[in-house]
Amino acid sequence: MTATLEPSRAEPGAAGPIVEISGLDVGYRRHRKVRPAVLGLNLSVAAGEIVAIVGESGSGKTTIANAIIGLLPENGRITAGSALVDGVETVGAKEKVLRALRGSVVGLVPQDPMVGLNPTQRISSQIAEALRLRGLRSDEIHQQVLAELEHAGVPEPELRARQYPHELSGGLRQRVLIAIALAGRPKVIVADEPTSALDVTVQKRILDHLVGLVRGTGISLMIITHDLAVAADRADRVVVMQTGRVVEEGDPRTILVVPREQYTKQLIAAAPGLAHGGRLAPRYVVDRGSLPAPILTLQGVTKTFRVTSPTGGHHNFQALSEVSLNVPRGQTHALVGESGSGKTTALRIALGLEHPTAGSVVLEDTEISGLSWGKQRPLRRQVQLVHQNPFASLDPKYTIKQSIIEPLVSFKIGDRKARTARAKELLDQVALPTAYLDRLPTELSGGQRQRVAIARALALKPNLLLLDEPVSALDVSVQAQILDLLTELQRELGLTFLFVSHDLAVVAQISHTVSVISKGRIVEEGPVAEVFKNPQSAYTRELIDAIPRDTRALTADPGSRTQDAEPTADPPSER
Amino acid sequence: MTVDISGASDESAVLSALPPLQRPDEVRASRHVESGRYGNLRAGLAQLARKPIFIIALLYVLFVIVSAIFPSWFSTGQPYATFPTDVMQPPSLHHLFGTDEIGRDLWTRVLYGSALTIKATITAVAIGLVAGLSFGVVSGFYGGWVDALIMRIVDTLLAIPALLFALAIITSVGYGTIPVALAVGLGVIPGFARTTRAEVLRVKTQPFVEAARASGASWMRVLVRHILPNSWGPVAVLAVLDAGVVIIAIASLSFLGFGAPPPASEWGTLISDGRDFLVTSWWLSLLPGLFVAVLVLSLNHISKTLQELER
Amino acid sequence: MTRYVIGRILQAIAVLWAAYTVAFAVLYLLPSNPVELQLAAAGVDPGSLPPGQLHAEEAKFGLDQPLIVQYFDHLGGFLHGNLGTSITQDIPVTQVIGNRIGSTLLLSLVAGVVALIAGTTLAYLATYVGVKPLRLFLSRLPAFGASLPAFLTGLLLIQFLSFKLDWLPASGQQGWQSLVMPAITISLITGSVLAQVLMRSFEEVMRQPYIITARAKGLSRGAVQLKHGLRNAALPAMTILGVIAGLTVTSSVVVETEFTRQGVGSLTQQAVSTQDIPVVLAIVMLAATLFVVINLIVDLLYPILDPRISHYPKAA
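Residue numbers (numbering that gives the first Met the number 0), protein chains in the order written: chain A, 0 to 574; chain B, 0 to 310; chain C, 0 to 315.
Do not rely on the hints blindly, as some may be mistaken.
[What the hints assert, rightly or not] Calculated pairs, DSSO-like style, for lysine-lysine (alpha carbon to alpha carbon, straight line, at most 30 Å):
1. Lys118(B) with Lys303(B)
2. Lys95(A) with Lys59(C)
3. Lys460(A) with Lys423(A)
4. Lys532(A) with Lys460(A)
5. Lys118(B) with Lys50(B)
6. Lys411(A) with Lys396(A)
7. Lys93(A) with Lys32(A)
8. Lys163(C) with Lys95(A)
9. Lys50(B) with Lys131(C)
10. Lys203(B) with Lys396(A)
11. Lys118(B) with Lys32(A)
12. Lys411(A) with Lys423(A)
13. Lys303(B) with Lys374(A)
14. Lys303(B) with Lys396(A)
15. Lys226(C) with Lys131(C)
16. Lys303(B) with Lys131(C)
17. Lys32(A) with Lys131(C)
18. Lys50(B) with Lys203(B)
19. Lys460(A) with Lys203(B)
20. Lys93(A) with Lys226(C)
21. Lys303(B) with Lys50(B)
22. Lys303(B) with Lys32(A)
23. Lys460(A) with Lys416(A)
24. Lys411(A) with Lys203(B)
25. Lys203(B) with Lys518(A)
26. Lys532(A) with Lys32(A)
27. Lys460(A) with Lys396(A)
28. Lys460(A) with Lys374(A)
29. Lys264(A) with Lys532(A)
30. Lys396(A) with Lys118(B)
31. Lys163(C) with Lys93(A)
32. Lys396(A) with Lys416(A)
33. Lys374(A) with Lys411(A)
[As the list claims (entries may be wrong)] Take a look, some chain C residues computed to stay more than 12 Å from chain A by CB distance:
34. Val34
35. Ser177
36. Met205
37. Gln207
38. Tyr209
39. Leu234
40. Gln268
Derived by calculation from the structure, the hints in this document are not laboratory data. Ideal placement from N, C-alpha and C gives every residue a C-beta, glycine not left out.
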């Protein structure tokens with residue numbers, strides 16, 4: 000730890016909790032009614048304690064963060080209860096009182112670093128603002144800005160201070176946000192999903208750094224997250240929430256090993272990093288030598304994009320370099336990589352939506368890399384795509400039935416009766432009630448929409464499904480359901496999957512074989528069991544290590560990676 | 000179910016004996032009152048019905064349009080009939096808008112004067128809508144040099160203010176409803192073209208368009224069945240708004256003296272004629288002026304309400 | 000970057016040239032007999048003159064040349080600052096406009112400043128005010144202002160401020176008092192448009208997550224709106240400046256006529272009445288040039304003002 004960060008000003012004798020919430024009810028006003036988001040919350044955070052609030056979307060966890068410093072959105076209301084921050088009541092408090100607490104007592108690290116910083120202000124001004132509010136003199140500010148950046152682990156602080164947010168990577172931006180929160184020298188930091196928007200390897204470093212900073216200075220930390228493993232890994236206490244209420248609370252070790260509540264058990268079972276004691280447990284074990292013949296082969300595929308900058312200049316961006324992979328028939332082949340690795344580009348080339356700059360793509364013994372879209376059309380019936388975003392992959396004006404049968408309509412298959420029958424059949428296969436046929440996408444949840452997308456993909460009875468991160472936009476409990484559905488469909492219909500994902504644990508649950516891609520190159524490939532147990536490439540090892548899991552349950556392991564002695568910079572793979 | 004090859008301890012055995020997950024996401028759908036294909040439309044109409052000012056605005060606009068086509072429904076008099084004994088009368092029950100300097104009933108003249116303006120407005124908006132929509136769709140859909148070319152054409156139309164353009168046409172060929180409607184219509188094309196283009200671009204990149212393509216839909220099908228239905232919202236809002244802009248433009252033209260020749264009683268002409276008597280008989284100018292202003296305000300309000308509904 | 004600048008300049012020139020062509024076509028091609036039309040405007044009755052004299056009159060106005068020659072003649076003239084000759088008054092258009100441009104410029108400038116201040120303030124307040132009914136009222140005001148036709152507002156102002164209260168003169172352009180009502184009339188429209196765009200921009204910006212970051216530091220709402228909101232909201236609103244200039248030009252035609260001011264706006268009205276084609280052509284081109292130049296300036300300034308574009312990270 001750097002020595003210039005002073006310890007927090009905990010007065011002796013003020014041993015009370017920094018945050019004390021009792022009976023808090025928070026709701027949102029919509030169409031003249033208040034819909035509750037948090038009900039009867041009791042929570043206290045002691046000085047120097049790290050508390051993790053865990054819940055899925057709709058659990059109310061983010062609402063808490065905003066509520067205690069009075070930053071609820073326009074339609075948010077605190078309808079009951081009290082929240083004492085450093086002994087000051089914030090419920091119903093005047094703006095002046097709240098302002099005195101913000102920054103100097105409570106520091107907020109917001110959720111998405113890509114939009115959390117003012118795009119038209121330099122980094123230094125944004126940090127300086129926080130320092131000025133603390134009362135620093137103008138001549139001290141510049142030096143202190145650099146110091147804060149250093150504490151937060153930002154390399155080359157003089158360079159970064161002068162830059163604008165869009166010139167920094169996501170990980171660096173998050174560190175800047177942490178620096179801003181710390182600059183006010185608060186007593187408690189509230190970190191709202193501090194790393195959800197980042198790649199796994201970056202996540203780990205930043206969380207470790209944050210925890211390290213906080214431990215060394217006696218600041219309390221409230222981590223709000225949907226990832227139980229992230230919480231368990233680092234918190235002193237875990238609070239599990241569901242639909243606005245606290246379900247269970249306690250020491251992470253206790254909760255993980257002997258969970259009392261049903262919901263907690265569900266979360267644990269669904270969190271891939273935890274379900275098996277922190278190990279990746281692949282579902283399938285296959286032998287490299289006895290794989291079925293491939294239905295799809297990419298050979299030496301290269302893709303270069305010409306990128307124009309807004310001011311007119313352009314340069315070449317190499318998305319893929321000599322990528323080769325085989326997708327064995329009847330099995331699932333995963334393509335794993337972080338954001339920007341080129342995995343989505345590879346998928347689009349496999350589908351024929353993009354043409355490779357070089358290399359070949361062979362589908363069912365047909366070379367498709369040179370074919371125009373029109374010529375590829377007959378092949379459409381054999382390959383279908385399931386998109387990542389269930390909220391945008393269905394036309395909002397189409398009923399479920401219309402969306403599902405559209406492929407049939409495009410290929411002029413069957414008459415109206417036949418198509419309706421097929422639609423019902425498909426809904427059945429994805430375990431949705433036939434009553435949903437006449438509904439609109441807005442009436443369905445994310446998981447249900449994804450099922451519809453899968454049903455649509457199956458309409459033409461394809462042999463191969465390409466899935467682009469099909470579960471990453473869904474809650475953990477729903478993820479498991481969809482993965483189970485896919486596995487079942489594969490078994491029933493003999494489908495082949497090419498499954499693109501950044502999440503190793505998800506991959507382990509559904510894939511037979513895997514290719515690991517980094518910066519447009521395949522760095523490793525083989526049966527999942529082999530690759531995950533004995534990774535050959537350094538990158539794969541890094542990915543596996545970065546999976547959040549309760550590493551403390553695995554202590555007494557001298558090679559344990561929880562000890563990050565210094566705040567480390569982001570890996571060179573980051574800009 | 001899971002094959003654990005990691006040689007893990009008893010922990011995983013305990014956890015793998017857990018009961019299957021519930022389905023929390025089933026609960027959601029029951030909240031909605033309206034569902035199905037026209038659910039959105041029905042919900043929207045219901046919302047509109049609850050807004051009193053919107054209803055009033057809509058009724059007023061309808062009244063103006065109907066009275067333009069059938070003025071005799073709302074006024075018993077004749078626009079050219081004079082009442083020499085009732086010259087320069089302020090508004091009263093007998094003469095709703097008062098009378099002018101030769102005794103004509105102003106209310107009747109206003110109503111009969113609507114016809115030309117309304118006709119011109121509808122023509123102008125139609126021209127703008129059809130041409131602008133086409134430009135925007137072609138531009139957004141094809142991109143590339145087609146897009147660049149069309150946008151430059153649109154820029155040219157934008158560079159010459161619509162009113163000046165109309166004035167230039169009037170200079171050449173004198174007043175005529177069609178030329179004026181054409182000139183003003185050309186002036187509103189850029190708005191429609193840009194809005195449509197922006198919408199098409201926005202929808203074109205949505206995953207559901209790609210999904211339709213991936214499942215075999217032709218570009219034509221995608222355009223007609225997916226892109227257009229999702230794009231027309233903001234265009235409709237703009238159409239109502241531009242109707243107001245067009246009305247002001249046409250009224251301004253007749254105010255400047257370039258309207259239909261007398262004894263036609265276009266609104267702008269009435270207002271301009273009344274200027275000379277402003278001190279003594281304010282109603283001659285101001286009442287027709289208010290008539291127009293309330294019409295434009297109503298259109299603006301309708302447009303804004305529709306826009307909020309869209310969101 | 001230079002590619003962008005050159006590209007934009009070339010585009011601007013192309014648009015201007017196209018606008019000229021369209022205007023020329025409307026004024027010289029549309030009429031059934033442009034020669035007769037213009038002669039009549041000059042007060043010459045074509046029927047009453049012997050052919051020789053007729054030809055001389057035509058030559059005097061350059062009307063005997065084929066249209067295409069006239070087209071290039073005028074174009075060349077414009078490029079050299081020669082805006083042609085007024086047919087009705089037989090003096091250079093440059094002179095005709097020159098006599099009047101001062102008045103219009105003054106009015107436009109004053110109206111512009113008022114619109115800028117009023118529009119920005121209104122947009123800021125409408126976003127800042129917490130009391131819901133007041134906020135609703137403020138946010139509806141611009142729509143109201145933009146709906147009132149210029150001729151009506153002018154008349155209402157004259158009625159109340161001039162006739163009823165006798166505070167300000169109803170016509171003419173003597174002294175600053177004569178500027179007040181015309182300026183208000185114009186700025187009501189342009190200010191409303193500006194306010195509407197800014198309001199939407201503000202709303203968009205204040206919804207952004209970085210606003211929460213700023214408030215979490217402990218800044219007051221007003222400070223956040225000013226320091227973080229204004230710059231981010233103003234940038235996209237800059238693109239409307241060209242439209243506002245166009246609106247000012249259009250409104251001044253009506254306003255100057257209404258308030259009997261001797262400006263380019265009222266000149267337009269007169270030129271159209273007397274069918275003085277060269278004057279109309281010159282005015283249309285002036286308006287188009289103004290619009291194009293303003294848009295060009297905005298387009299060139301924008302990348303400099305928006306750090307997301309000026310500080311584009313160089314690719315590795």
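Next item on the list: May I ask which of the numbered hints given earlier this structure violates, with the numbers listed in increasing order?
Entry: 2, 4, 8, 11, 13, 18, 26, 30, 31, 36, 37, 38 and 39
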